[in-house]
Amino acid sequence: MAIELEDKWEVQLRKGCLELAILASLWKERLYGLELLRALETESNLVITEGTVYPLLSRLRNEGLLDSEWVEAELGHPRKYYRLTSAGRRKALMMARIWSRFSAKLDGLLKPLLKEER
Amino acid sequence: MTTPDPKIETYLKRVRTGLRGLPQEEVTDILTELRTHILERLELADGPRESAVDTVLQSFGRADKIAALYVSESLVLQAESSRSPWTVLRSLFYWSTLSVVGFFVFCICLFGYSFGICFFVAAILKPFHPQGVGLWYQDSPHQTLSLHVGGVLGPPVHERELLGWWLVPIGCSLGGGTILLTTQFALWSLRRFRRSKP
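Protein chains in written order, with the working numbering: chain A, 1 to 118; chain B, 119 to 316.
Read the hints as simulated data drawn from the structure, not as lab findings. These numbers come from a predicted model, not from an experiment. Using N, Cα and C, we set each Cβ at its ideal position, and we do this for glycine too. Worth double-checking, as some hints may not be accurate.
[Said to hold, decoys possible] Straight line, CA to CA, 16 Å or less: simulated EDC-like cross-link-like pairs of lysine to aspartate or glutamate:
(1) A:K80 / B:D172
(2) A:K8 / B:E168
(3) A:K80 / B:E143
(4) B:K125 / B:E198
(5) A:K91 / A:E116
(6) A:K80 / A:E41
(7) A:K80 / B:E158
(8) A:K80 / A:E43
[Stated by the list, open to error] Examples of chain A residues toward chain B, derived with CB under 8 Å:
(9) L34
(10) Y54
(11) S58
(12) E72
(13) G76
(14) R79
(15) T85
(16) S86
(17) A96
(18) S100
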């Protein structure tokens, strides 16, 4: 029961952070789907079912936060690259500020709990 | 370039089936992107090709679920951008084929729009057929309220008209308000449906 609750909570938490993580991954450069997934796995520890990232990218593009373009690779398959639009950059910045403030406060609240656990 | 695999083609066919209702151009774009990802992952995979295909498809997730995610996005987008009762109902109808909650929301909104449109039409027709259009009350034996729109048949017998000319402003505001509220409820439900997906 406790494990189930922990799993559900973690899933919800990851779902909530996914949009921010995607926008943040695209902050510096344009990426295509597979590159983005690798970036999410290595830099944010967010492991998601691979196929579900594409509908999410499609939503962010429909909301005007991302732009996409097909690029023909010299060897191999054409790749669809995503980049942040100016609206996307503004939203990413706004979300990052909120997250940063929120997590700093929460860290303070959690310190005594974690100290006691040790 | 890697040769297409029957398992991958079957998987993509399932996605395509789930994407019915989306514009053809969008479906082609989605399938090309998914195919590219799967093939590129296969090129990087070690071991026998057959087991690699299974592993890649497994990590990609269920075809119907991925299609449903795309569709839920598209439903909300279409309904939000148009806001016309017809488009909203079409999106809800599609949702009703996917879930029981969707079916109930579709029924509620169908009722809401019918109710609103009836009052609106009655308000517009009242000046043209003052005797035949109105809200009527039957005193006996069942004591029922009825909105009568019948320019040819004339007013109902043994029934009392309640609103008279007030039907025009009341019908317009009640009809318009109900249509507006139904649209808001439909969009709110569709957004909740979208949020329930990863």
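Okay, the hints, checked on the actual structure:
no.	hint	in the structure
1	A:K80 / B:D172	violated, 24 Å
2	A:K8 / B:E168	violated, 33 Å
3	A:K80 / B:E143	holds, 15 Å
4	B:K125 / B:E198	violated, 37 Å
5	A:K91 / A:E116	violated, 38 Å
6	A:K80 / A:E41	violated, 19 Å
7	A:K80 / B:E158	holds, 13 Å
8	A:K80 / A:E43	violated, 21 Å
9	L34	holds, 6 Å
10	Y54	holds, 6 Å
11	S58	holds, 6 Å
12	E72	violated, 11 Å
13	G76	holds, 7 Å
14	R79	holds, 6 Å
15	T85	violated, 16 Å
16	S86	violated, 21 Å
17	A96	violated, 21 Å
18	S100	violated, 24 Å
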